[in-house]
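Protein chains in written order, with the numbering used here: chain P, 1 to 129; chain A, 130 to 271.
Careful, some of the hints might be misleading.
Stated by the list, open to error - For lysine to any residue, the following SDA-like pairs were computed, each having C-alpha atoms within a straight-line distance of at most 25 Å:
1. A:256 - A:190
2. P:115 - P:11
3. A:256 - P:39
4. A:133 - P:39
5. P:115 - A:143
6. A:256 - A:201
7. P:114 - A:138
Said to hold, decoys possible - Where chain A lies over chain P, by a calculated footprint (3+ residues, C-beta under 8 Å):
8. 48-62
9. 93-105
Simulated from the structure, these hints should not be mistaken for laboratory data. Don't be surprised by glycine CBs; every beta carbon is placed ideally from N, CA and C.
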Amino acid sequence: MNLEKYSYPLLSISLAVVFLYFGFSQISSPDDWAELVPDFLTGVILTANNWVIFNGILELTFGIFLLIGLYSRFSALILGIHLLFIAFSIGFNPVGIRDFGLAMATIALFLMNKKYGVDFWVANGKSVK
Amino acid sequence: MNVKIIFAVLIFLVVINSVYFIRMNQERDVVDDSGTSGPLEDVNVSNETIENVGPLSNAITTSALGEHNSRDDCWVSFEGKVYDITSYLPRHPGGVNRILNYCGTSSGFENAFTGQHGQSKVSLLMKVGVFIGDFDVLGEIQ
Numbered sequence: 001m002n003l004e005k006y007s008y009p010l011l012s013i014s015l016a017v018v019f020l021y022f023g024f025s026q027i028s029s030p031d032d033w034a035e036l037v038p039d040f041l042t043g044v045i046l047t048a049n050n051w052v053i054f055n056g057i058l059e060l061t062f063g064i065f066l067l068i069g070l071y072s073r074f075s076a077l078i079l080g081i082h083l084l085f086i087a088f089s090i091g092f093n094p095v096g097i098r099d100f101g102l103a104m105a106t107i108a109l110f111l112m113n114k115k116y117g118v119d120f121w122v123a124n125g126k127s128v129k
Numbered sequence: 130m131n132v133k134i135i136f137a138v139l140i141f142l143v144v145i146n147s148v149y150f151i152r153m154n155q156e157r158d159v160v161d162d163s164g165t166s167g168p169l170e171d172v173n174v175s176n177e178t179i180e181n182v183g184p185l186s187n188a189i190t191t192s193a194l195g196e197h198n199s200r201d202d203c204w205v206s207f208e209g210k211v212y213d214i215t216s217y218l219p220r221h222p223g224g225v226n227r228i229l230n231y232c233g234t235s236s237g238f239e240n241a242f243t244g245q246h247g248q249s250k251v252s253l254l255m256k257v258g259v260f261i262g263d264f265d266v267l268g269e270i271q
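Could you put the whole structure together from the sequences, leaning on the hints where they help?
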């Protein structure tokens, strides 16, 4: 039984769920996340809370893209670089290491260069089964 | 290609609208809550009810502060004010243990907090912490 065809959607959907969860959490409770906004961003253009909300919008949008396979390669690149930046700003601690692993997995999605969901449907002109 | 762009724009608009409604509902809830009960009446803090807490009527001594030093009951003192941050502990992005050692302390917490965050997160502390009262600095010196 060839299970390889499930690998890309499995990884993509799993990571999308992660970004959607944290994106929604940032939108609904920005106070809880404001502490993680780097000091050099606090008060620049946006307040810490608004940076969190902006970040949540970004994660929700690209998370949905990743979930349904719309511009999934581009979305994976943006989310991966974004999470890598967060991981380095958090530093060498359990949370930072976890984010680094998730960032690398997301960048791996970008490197795979496969299509599924909407991308596959548009490219092949038929629905995905 | 056009189908994908339309999809992308639609999703972005849905997200923006959802965020707008979530934020508006939360701000409305805050206004409703502030209209129904006064901030200084019947404040339920860490399994004990303090009635009519006034900022000058219940200065917290060092020993009283030190009793609230656990994961389930965490008070800290910052710049002469005592806050209950128990409910925030599990939500601390850096983990519970980064704060737990400083529960029930004044200068210990203050040094760790400013050492880690400077002054950038003071407003957050005051927002998530429940104000208990003034810290009895004179009691600490004596």
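Here is what the structure says about each hint:
no. : hint          : result
1   : A:256 - A:190 : 23 Å, holds
2   : P:115 - P:11  : 13 Å, holds
3   : A:256 - P:39  : 18 Å, holds
4   : A:133 - P:39  : 37 Å, violated
5   : P:115 - A:143 : 24 Å, holds
6   : A:256 - A:201 : 19 Å, holds
7   : P:114 - A:138 : 22 Å, holds
8   : 48-62         : holds (count 6)
9   : 93-105        : holds (count 3)
When held up to the earlier numbered hints, the structure conflicts with hint 4 and nothing else.
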